[in-house]
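Assembling the complex is the task here: the two chains are given apart, and the hints tell you how they should meet.
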Amino acid sequence: MSQLNATKVEKYRNHFLREVEANVEEGHWVKMCMQCGVCSGSCPLGPYWEHPPQEIFMMIRAGKREEVLKSSSMWFCTSCYNCIARCPRELPITHIMHGLAHYAKRLGLAPQNQATPKFAQYFWDNLYNGGGRVNELKLGLSLYFMNGLVEGIKTALKMRKIGQGMYFSKRMNPFEIFGGHSCKDSQGLKAALNKAREIEEAKAAQFKG
Amino acid sequence: MTDVVATNQTILVVGGGISGMTAALEAAECGKDVILLEKNPSIGGRVAQLYKYFPKLCYPTCGMEINLRRIKANPKLRVITLAEVTKVTGDAGNYTVDITLQPRYVNNNCTACGACSEAVEAQFANEYNYGLNQRKGAYLPFYMAYPQRYVVDPRIIGTADAEKAKSACKYDAIDLNMSTQNIQLTVGAVIWATGWKPFDANKIQPYGYDRIPNVITSVELERMMDPLGPTDGKILRPSDQKEAKNIAFIQCAGSRDRNYLKHCSRMCCTATLKQTTYVRERYGDAGKSSVYYIDIRAIDRFDDLYQKVKADPNVTFIKSKVANITLDKATGNPILNGVDTEGYHRYNNPHDLVVLAIGMEPSVDFSRLGIDIKVNEHGFIEADPSNGGLFAAGCASDALDVNRAVQHATASALRAIQVVNQVS
Ligand SMILES: Cc1cc2nc3c(=O)[nH]c(=O)nc-3n(C[C@H](O)[C@H](O)[C@H](O)COP(=O)(O)OP(=O)(O)OC[C@H]3O[C@@H](n4cnc5c(N)ncnc54)[C@H](O)[C@@H]3O)c2cc1C
Ligand code: SF4
Ligand code: SF4
Ligand code: SF4
Ligand code: SF4
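From first to last, the protein sequence lines are chains Y and D.
Using my numbering, read the first sequence as starting at 1 and increasing by one per residue.
Using my numbering, read the second sequence as starting at 1001 and increasing by one per residue.
Chain D with its partners taken away, still in its complex shape (with noise of 0.2 Å):
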């Protein structure tokens, strides 16, 4: 990796997401020299993590294709894997990064035939699904990832499990003297699109996340309809791995509220409106939906989608923040608790399953980064003219869907290229 070219000229991207993607395919398209990095062993970011995506329910694998030939296609745009930035210091027009690598124990040979995987006998709670199941010491983080190319996880090095992965790799391919490489880059511009994470919803005391096995959040269920996910594509009660027909979903689990994210994350309406619509294509006219909610925020076109939804007779929508969860220990329910705000009637409501519509927080703490750069009071990069060559792209900047992530994200290229055509 120390190979690696940049001058003052190249436009830094930080997050392989479908903002960091797209950011760094629109500059490098323009012929721009761009170098896209992410901290994981794969790009693709959390859409990847999805089954299907709103408004048009289609598949982001098929999106992901795309970007994936756009990348292979351009010779000018270089992905690292495996990277965290860990300083930037300089100014516009001259940033010098400081980047540490993360060892894969994987080189270039590899033909992701699979055999290390097989040989090796860890596990480990699989990131990918978050944590529903698990997976090899040896692997691939999934079957679309890009690079294309296996993973030794770094707590098998030293044991057996290590030397088993390297005696059945006929390609000589994994290397377990790789170790962790600090590198620095001089590049013009610099643009975070490090994106969000799911808000920790064991911190919710009152729905139970950590306490009944039957209230999951909304990333859990998107990787519960994967066909080739944790739970082979069924909707499936943690407690008894019961198919679960009658679901509630919660809004706004963790956002617009001051004990947890104040802000709302805009996106959490409609992608409930969407999941409806698993229950229904799982389940037909047995899968009920009961959206409990505070009011539904389905900005402009995604509302035909709410529309749809509301027409559909399975889909119950109930006004009210729920106030807390219990469980119905005989049958594992658990049983929503609150009242509503059309009429002020009390209910007890038991469902199969809970999913709660978890917020969004930005992925990373950019003040503990020790990096020079605004952040809003909700942890997302301002746009502010202080922070120079600096500039967010996509759930960096806020709590955005994939289309308005996209947006902003070219918009963050076009900011970039302006920076690096001002030097000389």
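One chain only, chain Y, in its complex shape (with noise of 0.2 Å):
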């Protein structure tokens, strides 16, 4: 557990309605559910979820802190809009989803194996480290070997033609293998984002027992 983490705890215990208000994008609109099904039954994703949006603002007020925050449910959400389209209440659904996700993953807590945490984060380095422009060969790449050489050599060659095609269309550069192009000042774009990281870490940390 990391130390931001374990100090949370403390200070929260029972009170996971309360952090999530704090902390989570949207968050203090997890009161407002009235447990209406809605969303639930409407999201495309569903029967794949362990716990549909219903239950999860259940469980946060029930104070299930590690099975909301560790739960892979939310990172399934394809920001389809249908739930906030139907919602009784108009709750932001969606953006309350993106933010506990958002939440767990900075906190550490986001689960290992799932596709989609794993993908944020390459294509978030990718960014960075690519001088604020994504480099799509490389991050094309790094998704073929997510899971091994093997299944990467495997997936290349089956994505063979598509590759060719892009090239022919002048879609991809082979050339962006070697560093590829970054925006103007890409120096000034990390600092804004390395301020803004800092900003946020300041916020998190206010709530820090």
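Just so you know, these hints were derived from the structure itself, not from any lab.
Ideal Cβ positions, reconstructed from N, Cα and C, are used throughout, including at glycine.
Mixed in with the good hints, there may be bad ones.
[Stated by the list, open to error] Here are the computed lysine-lysine pairs in the BS3-like style, where the Cα-Cα straight-line distance is at most 30 Å:
| # | chain 1 | residue 1 | chain 2 | residue 2 |
| --- | --- | --- | --- | --- |
| 1 | D | Lys1262 | Y | Lys31 |
| 2 | D | Lys1203 | Y | Lys31 |
| 3 | Y | Lys138 | Y | Lys184 |
[As the list claims (entries may be wrong)] Derived Cβ-Cβ restraints for the label pairs, each shown as a range:
| # | chain 1 | residue 1 | chain 2 | residue 2 | range |
| --- | --- | --- | --- | --- | --- |
| 4 | Y | Tyr81 | D | Lys1234 | 39 to 47 Å |
| 5 | Y | Ser79 | D | Asp1240 | 38 to 46 Å |
| 6 | Y | Tyr81 | D | Asp1285 | 38 to 46 Å |
Quick look at the structure:
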């Protein structure tokens, strides 16, 4: 358990709802849920979730901190917005799902083997290290090899035709593998991102006991 | 109609439903001069469209008959149908009201013999049955209509049908030269008893009322139960006219939902409990009801009915707001999809028929009527001192059941009496 995580547990013990309200994007909406079930019934990914949104909201209120934050459920959200469109109380469910996922990730509780947080991390690293632009070739390759060398080669072979097509239609430049292009003032952007992280962490630190 | 006399001691009641009839009668029986205006060809309102009514599950015709006797017996009360208010100006104790009267094309000679109706060929959607069947272009709105006079539909005026109706009438009761009239009245106080209308079910897209034939509304089920109604008292599936025995009720259809009506319509939980007894009445143990709900709001003494229905093994309660309805093309069955709140189980339940417990909204958009009256965020009339001598009665003020609507109407009659008593 990380230091930040340990102190939070202390501070909130049975007050997970308050913790969510303070730290999770749109978290203050959770208490407005009337448990009608429309979001869960409307979610196209519903059958694959361990805990549908309605249940996640109830678990938050019941103080089930570990079960919620370690859950893979909210990482399944595809942002289709079906739930938001139908929720009788207009809860921004999609945003809360992403907020919870993000918060769990910050605390180091996000599930290790779920594809979505992995991809999010690749994407971010690629953008941050690549000077403000996503290098699609590198991102694609890192995804291919996400599950090991053999799997990666298999996927690369399977996708060969698409790769060639993209190359001939000038959609992909193989030389991007040697660095690729970045945005203007990529150092400035990095500094801005670092500053943003610093502010976020300072905000989170307020809740350290 | 131009012979209507009114003074600033007169109380005008707009809307002839149970609330308007009550307010008008209470005031008239206290000795006040009262005019009751109704926009339809008959008074009675939406209670006259119910099969039975809770809590006692008696027939509304009985209460209607008592009120009609009181109305006929009271010389202080004047009923005017086919009338709508277009403008109100002035202050408490002295209002000028503009009224438009639509022609009925039938005069006082009518004996309700029905010969005109038989002669006419054109048919139109029957409003009384929420369009579930057709009626003739010359018609009696419903069997207990008051006044008991036929109506000629303005859409047949100028056609051969109108002449057929006229020549069929042996009592010289049909006058095809009647036309729209505008009159002006001076009154001391106005009671708005304009009631409610069912929320437009087509707006609730996930429930497919417009796409899936076997999804109906609660008001339509009331009409189906009437032995003289569009289905002769049988609960029939619109798709194949087969009897529906496995029926789902969806609560809060349009209510308690920020996408539609924000308020709780209050009477629809009890109305559904009542309607599950209809299913049992028709089909005994072969009739199954499933109620999908967020929570059951059967307030105070309606809890008795709730307990009784809960004890019926043929009625199942599923705590869940249905997410959407899909159609099983092979059987015509609507399939209800959702997740329940007691265990978060996913379900896809087929039923023969789905009844939407539709919400109530005000029948009149007062902001458009050009009348200076305060309404709340749901469009119902507020009890606000700035309304002066304008009052609401019954469902014009809120979503209410009959009991509460009538109590409210009696209170509004007292308020109006206080206003006209101060006029010298
Ligand atoms: C499915 C269903 C079942 C129900 N069952 C029950 C039950 O069993 N028991 C119970 O207690 N309640 C029941 N209710 C509730 C009941 O219908 C209402 O409480 C009742 O209709 C209220 O009467 P009202 O006179 O206020 O309004 P309404 O019945 O709506 O009457 C209003 C009248 O005003 C007229 N009007 C409207 N606008 C104008 C205008 N601009 N000018 C002139 N006239 C106008 C209308 O034509 C109508 O005649 C049920 C409701 C539903 C939806
Ligand atoms: S749809 Fe909205 S109110 Fe209903 S359970 Fe989901 S979040 Fe709660
Ligand atoms: S936005 Fe996310 S949670 Fe909402 S319905 Fe779509 S996938 Fe499900
Ligand atoms: S209008 Fe004439 S024909 Fe029609 S019901 Fe009345 S009396 Fe009979
Ligand atoms: S009375 Fe019942 S069905 Fe009607 S809106 Fe309220 S909770 Fe929903």
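Requested in this report: Kindly indicate which numbered hints from before are broken by the structure, ordering the numbers from low to high.
Outcome: Violated hints: none at all, because every hint is consistent with the structure.
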